[in-house]
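Can you make the complete structure from the sequences, with help from the hints?
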Amino acid sequence: MRSEAVRAAARRLLEEGKVVRFLGHAPGFDPTSPFPQLITRAEEAERLVLDHFCAPNLAKYLLDYETQEGVTAVVLKGCDALGLARLLADHRVARDRVWVVGLPCPGMLDRDKAAALLPGVQEARAEGDEFVLTGAGGERRVAAGQVLLDRCLVCAVPTPDDADELLGEPVPGRPVPREEDAAVAALEAMTSAERKAYWTEQFSRCIRCMACRNVCPACNCRSCCFDSEEPRWLSRVTDGPAQEMFHFVRALHVAGRCVDCHECERVCPMDIPLMKLNHKLLQDVEELFELERAFVPREVEPLGIYRPDDPEEFA
Amino acid sequence: MSVAEREPKIVGFLCNWCSYAGADLAGTSRTSYPTSVRVIRVPCSGRVNPQFVLRAFQLGADGVLVAGCHPGDCHYSTGNYFTRRRFLLVKRFLDYLGIDQRRFRLRWISASEGPKFAETIREMTEELRQLGPRDAAAVEAHAE
Amino acid sequence: MPEAARQLDNPLVPALATVQAVRPETAAGDVRTFQVTLDEGPVFPYLPGQCAMLSVLGVGESMISITSSPTRPDFLEFSVKNAGRVTGALHELGEGARIGVRGPYGNHFPLELLRGKNLVFVGGGIGLAPLRSLISYCLDHRADYGQVDIVYGARSPVDLCFKEDLFERWPAVENTFVHVTVDRGDGSWQGPVGFVPAYVEQVAPSSRDAVAITCGPPIMIKFVLAALEKLGFTDEQVVTTLELKMQCGVGICGRCNIGPKYVCLDGPVFTLAELKKLPQEF
Amino acid sequence: MNALAVEERKAVRLADIRPVLERLAAGGKLVAPVAEAGGFAFRRVGQAEKVRLDFYNTAESPKDLFFPQSEVLFSYDAAGIAVPEPAGEQVLLGIRPCDLAALPLLDRVFGEGPFRDPGYLARRERTVLVAVACDRPRASCFCTSFGLSPGHVAGADMVLYPDEGGYLVRAQTEAGEALMAEWPGEAVAPGEAEAVAARYRSMETPLGRRIRLEGVAEALDGMFDHPMWEQIAARCLSCGICTYTCPTCHCFQLTDEAKGEAGKRVRCWDSCMFPEFTRMAGGHNPRPDKKARVRQRFMHKLNYFVRRWEEYLCVGCGRCVESCPVGLDIAYVIEAVQGVTARA
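As you go down the protein sequences, you meet chains B, F, H and Y in turn. Numbering follows my numbering, in which position 254 of the first sequence is assigned residue number 254; successive positions increment by one, without gaps. Numbering follows my numbering, in which position 101 of the second sequence is assigned residue number 1101; successive positions increment by one, without gaps. Numbering follows my numbering, in which position 238 of the third sequence is assigned residue number 2238; successive positions increment by one, without gaps. Numbering follows my numbering, in which position 53 of the fourth sequence is assigned residue number 3053; successive positions increment by one, without gaps.
For lysine to any residue, the following SDA-like pairs were computed, each having C-alpha atoms within a straight-line distance of at most 20 Å:
1) F:K1091 - B:L288
2) Y:K3259 - H:L2093
3) B:K196 - F:G1098
4) Y:K3291 - B:Q68
5) H:K2245 - Y:L3254
6) Y:K3259 - B:P241
7) F:K1091 - B:D309
8) H:K2245 - Y:N3285
9) H:K2277 - Y:D3225
10) Y:K3290 - H:G2259
For the record, the hints were derived by calculation from the structure and aren't laboratory data.
See the structure below:
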């Protein structure tokens, strides 16, 4: 898709000495599973790719270089850029130490969906509102809606607004009704006992691998309460109350700070619908505190301020 | 002991300046209230991180009370406004996860409101007794 | 499939034990020695250098070196520095307290290598604890060894451990010399002041027919090894013990390996020659 | 023990496997693959219709059935210590060749070292293993690199071979034969059963992904300080997906859960990928960065374990490859090692 463009950008930036390292994507064991790739020399640029399977958000890797010299270039999609904005707002990354190579993103494909539509899929190209999948099983033309990641179906900010350079023309957002609000509403329509049963079942699958936390741009604390030995907030025991505590507290810790990037849900190996937790909190923050839905981190966090006339429900 | 007879356990996070003094007043004025509450004194209700509440539930509390000065009366001027914001979310989120909202309360109790403290504990205890243990199966397993 | 598992005891389950006595070891109060007996049966057989897992039930376990000597088999002694969750909880315990013990774990000091040799012990801080087991053992078999030099240091006089041994018991044994230093003195300290590595060079024990055994904080060990090398000790003549985080004690849980060697199984005692063959990851 | 060769064991053909599944499920001891949000998982099943034999490899390996993620080692109170009763019997249906090959590796760890784990051994002993020959390998699979194959079923009590729209079922042990005793189905001649088994043994994984393992452990002896680790680790998220989904990883933590005077000690999975895994009480951490931790994981699997047990601690199931959110792929690491030796 934009592989040549990203290689050219990496070569140029590294040759000119504008940056000392470049974070992009490289082909994985199969082309639908690229991995994050760090390069430091212009001649390594050949390794990079940028295609419709480059879903991983590279923003959080910037924390690995916070104490190292030099500017880091990073390839960011619109959603990834929100992650960077989060890190900037939290003062974890300095803007002048990052060079953002922005990708106006036409949407990333869900490799499971793609593989279900065309077993052995190796490549995808966009044609209008469709994607053409090719692979060992031949070629198949599918509607974008069938194969994009869920998050891309409702993406409002496909183009990073804070990029130092863009790989292509800006892409407009998709004005799609917010299906996740409906998902939250469906849960709210259940009885309390049904919700309890629903979440107990979901959380029971959790293996506590911490991938959701580790990939989350809002979970950027230098040390995390879940790792603390003294006091020990949470042991590794995976019984019901511990799972509930883990997911409740993690969601609450990013309440008002979640950038809606869906990375937690993408990385979860057990497919726990984590965004249903985050979306509930996003909605409540907006309704309770009369805030507009924001797609970039706010200057002051919703839970870092108050209004004397906030709703009074406690007597 | 059967589940029905079990005295509910409430963990109460009380702010040092108002609610703890209120609880103290209830004691010194010999107002009687159930012995179901275990009090943890905090400098301000704003100190109460939601994870304290969840940790209490995880360790087997049937109900959690957070109590602080009335909005506008905070010893630190504004701490309890933050508390209110935070727990508006927590309250809804508890419900969203299917944890009965009646198991959690945030109350504004001033130093002079000893009777209100006693009444809060009475009310909560009664309600929790009717609700039964948070997770009956888990309680039984623990009792074994 | 291996034979019937039913009859096996789980080695991860500790035996109950009782604290018979607690002795504050340092004037600073951060090290205590616990004298322990098992509730059922006699103390398990062990050799100097081995460790055991101590449990404070409800808090957790910690691997502690055995500081008593197998030549005195009535009880086990553990000297514990208050450094974390479990050791902090141990410090809260008094006489009669119930704890759990499992072990012994790890290898032991190479007694065959030491027999007939002059011995140079170099210890720092709580690092004297495992050495104390070996020193007591050797002094209880005094005829088997040549001259014994014990070089020991602590940060300050209030941090000195095992003062009764250092100043009364050990110097009273024939051909046994104790040299004590502190990093910083205080008003009452009359002895030498200086770091252990420099003091070892000053004491200058002969490397002829000698083996040096050292234990202490990693940074001290590093410089002591250099000092010993200057004094002519070869890598085979230097023995040290390592400490890494351990949970199982039986080479499975995955924490304490240095390359393919597990400190809890193949260690904690290594000669310098053995250590140099391992990846430098400890 | 009646030591019949596998060739002489009973084999039958089942055109319809449902009645057998129903019988097993009714016994209350059946663990089998079921469909869950986004994938498959081994779960205890009460209703036969939930069993999905058309599954592809589960997100989690079945090691949890033998080495549970959280296992109470003992409970204690004022009276003393009590060890829980050993586990009851179970029938694990649907275990794949890769996961089956992982069990002997865990047997070594938990049963053949200085430490013998009675809980693990009891669960192993009381589990009847009904393997299914693998007719749905995924793109990430590379079991053939480890000398396995979709038909490598050593260690199973009984094997289901998908064949001719139904199953050819073959007992491999006495326990398997006992379980099969009352099953319907027409008996199959030994030669026919062996032919089907041989066909599966010779199958390749779909991408034909085959990694050369010769010399990898030896090469790694000298690669502890190789710059390769820095490169590989740069993309690691420090999460535990790879180790938790792995059928062979077995690191654990012991943790105490106290409630007043009583409590329990629980053994929980832990992961060498977590930063605090080796951090000591005083703060010293011998594996302080991603490089050290990533290196530990791969060195353990490809070198340290080989040095101790003369086998690789990997069976090519592909789970870590499939689930790693950033494509940190053990096969890629093996190829990188081979690349280094080729250049040298």
